[in-house]
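Engineer: Listed here are the chains, written in short residue letters.
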Amino acid sequence: GAGVSQTPSNKVTEKGKYVELRCDPISGHTALYWYRQSLGQGPEFLIYFQGTGAADDSGLPNDRFFAVRPEGSVSTLKIQRTERGDSAVYLCASSLTWTPNTGELFFGEGSRLTVL
Amino acid sequence: KNQVEQSPQSLIILEGKNCTLQCNYTVSPFSNLRWYKQDTGRGPVSLTIMTFSENTKSNGRYTATLDADTKQSSLHITASQLSDSASYICVVSARSGGGADGLTFGKGTHLIIQP
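In order, the protein sequence lines correspond to chains A and B.
All residue numbers for the first sequence refer to the numbering used here, where the first residue is 1 and numbers rise by one.
All residue numbers for the second sequence refer to the numbering used here, where the first residue is 1001 and numbers rise by one.
A couple of the hints might just be wrong.
Said to hold, decoys possible - Derived pair list, reagent style DSS-like, types lysine-lysine, alpha-carbon separation capped at 27 Å: (1) B/1057 / B/1017; (2) B/1107 / B/1057; (3) B/1017 / A/78; (4) A/11 / B/1057; (5) B/1071 / B/1057; (6) A/78 / A/17.
Unchecked claim - Derived DEER-like restraints, expressed as beta-carbon distance ranges: (7) B/1058 / A/27: 48 to 58 Å; (8) A/63 / B/1078: 40 to 50 Å; (9) B/1042 / A/27: 20 to 30 Å; (10) A/16 / B/1013: 44 to 54 Å; (11) A/81 / B/1082: 21 to 31 Å; (12) A/20 / B/1069: 26 to 36 Å; (13) A/38 / B/1028: 38 to 48 Å; (14) B/1052 / A/41: 38 to 48 Å; (15) B/1081 / A/39: 36 to 46 Å; (16) A/2 / B/1082: 36 to 46 Å.
Hint data in this document are derived by calculation from the structure and do not stem from the laboratory.
For every residue, glycine included, the Cβ atom is placed at its ideal position computed from N, Cα and C.
Start from the sequences, fold in the hints, and give me the full structure.
Structural biologist: Written as structure tokens, this is what we have:
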């Protein structure tokens, strides 16, 4: 596609439920990133993929959070046993270069997660 | 610890006026500095990327400056338009440190343009 696509754009769930958020990066971009953004804050790094493998998942807050990118393109962020504190906008970005701090980052529109 | 501080936190100006947003950072070793515009409910969009050797860069009505000695950057918006209402996020890249992505994000300046 022309840009980074994220679905769903909005997700409302109940505490304790499982959610999946999907990211479809720009075609040909090998690097993919997930961020979490709370109201009034800048994006917070969660995990970074280079190809199919998670190059670094040090930003994931706990083991309820998991992300996959099985074929090196689409990625899914999975959150188990959701808590109200998980409510935020989850942003996905992709980059052509594998070097994260020099490549141009292209962000999706985000998935707004609300946990009731 | 790498940090990026932005000021002001929020700003309201009248349409047609100019404004300047500030970014101070303590990221080291410095690689580049980026300004992003984030409209409400949208993802951030890149405005400029500046490397160590660049001290000014323009993108239409947006002009970014960088002083690598004092570790300060500014984003100047000329002849503001209603569509400039957004959050402006300063992001500094290090060759190491920050998140694993090597980026340290500021919290943003929330700019409101009033008619």
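Engineer: Work down the list of hints and note, for each, if the structure agrees.
Structural biologist: Hints versus structure:
Distance hint between residue 1057 of chain B and residue 1017 of chain B is fulfilled; the C-alpha atoms sit about 20 Å from each other, no more than 27 Å. About 22 Å separates the Cα atoms of residue 1107 of chain B and residue 1057 of chain B, which keeps this hinted pair within 27 Å; it holds. Of the supplied pair hints, the one linking residue 1017 of chain B and residue 78 of chain A is violated, its CA atoms being roughly 45 Å apart against a limit of 27 Å. For the suggested pair residue 11 of chain A and residue 1057 of chain B, the alpha carbons sit about 39 Å apart, so the restraint of at most 27 Å is broken.
Simply put, residue 1071 of chain B and residue 1057 of chain B have alpha-carbon atoms about 16 Å apart, close enough for the 27 Å limit, and the pair holds. About 11 Å separates the Cα atoms of residue 78 of chain A and residue 17 of chain A, which keeps this hinted pair within 27 Å; it holds. Restraint check, residue 1058 of chain B to residue 27 of chain A: a C-beta distance of roughly 30 Å breaks the suggested window 48 to 58 Å. Against the hinted window of 40 to 50 Å, the Cβ-Cβ separation of residue 63 of chain A and residue 1078 of chain B comes to about 49 Å, which satisfies the hint.
Taking 20 to 30 Å as the suggested C-beta distance range, the pair residue 1042 of chain B and residue 27 of chain A conforms, at roughly 21 Å. For the pair residue 16 of chain A and residue 1013 of chain B, the beta carbons lie near 45 Å from each other, so the given range of 44 to 54 Å is met. As the Cβ distance of residue 81 of chain A to residue 1082 of chain B is approximately 43 Å, the hint placing it in 21 to 31 Å is violated. For residue 20 of chain A and residue 1069 of chain B, the Cβ-Cβ distance of about 47 Å falls outside the hinted range of 26 to 36 Å, so the restraint is violated.
A beta carbon spacing of about 26 Å between residue 38 of chain A and residue 1028 of chain B contradicts the range 38 to 48 Å that was offered as a hint. With their beta carbons about 27 Å apart, residue 1052 of chain B and residue 41 of chain A fall outside the hinted range of 38 to 48 Å. As the Cβ distance of residue 1081 of chain B to residue 39 of chain A is approximately 25 Å, the hint placing it in 36 to 46 Å is violated. Residue 2 of chain A and residue 1082 of chain B have their C-beta atoms about 26 Å apart, which leaves the hinted 36 to 46 Å range violated.
Comparing the model with each numbered hint stated earlier shows that hints 3, 4, 7, 11, 12, 13, 14, 15, 16 do not hold.
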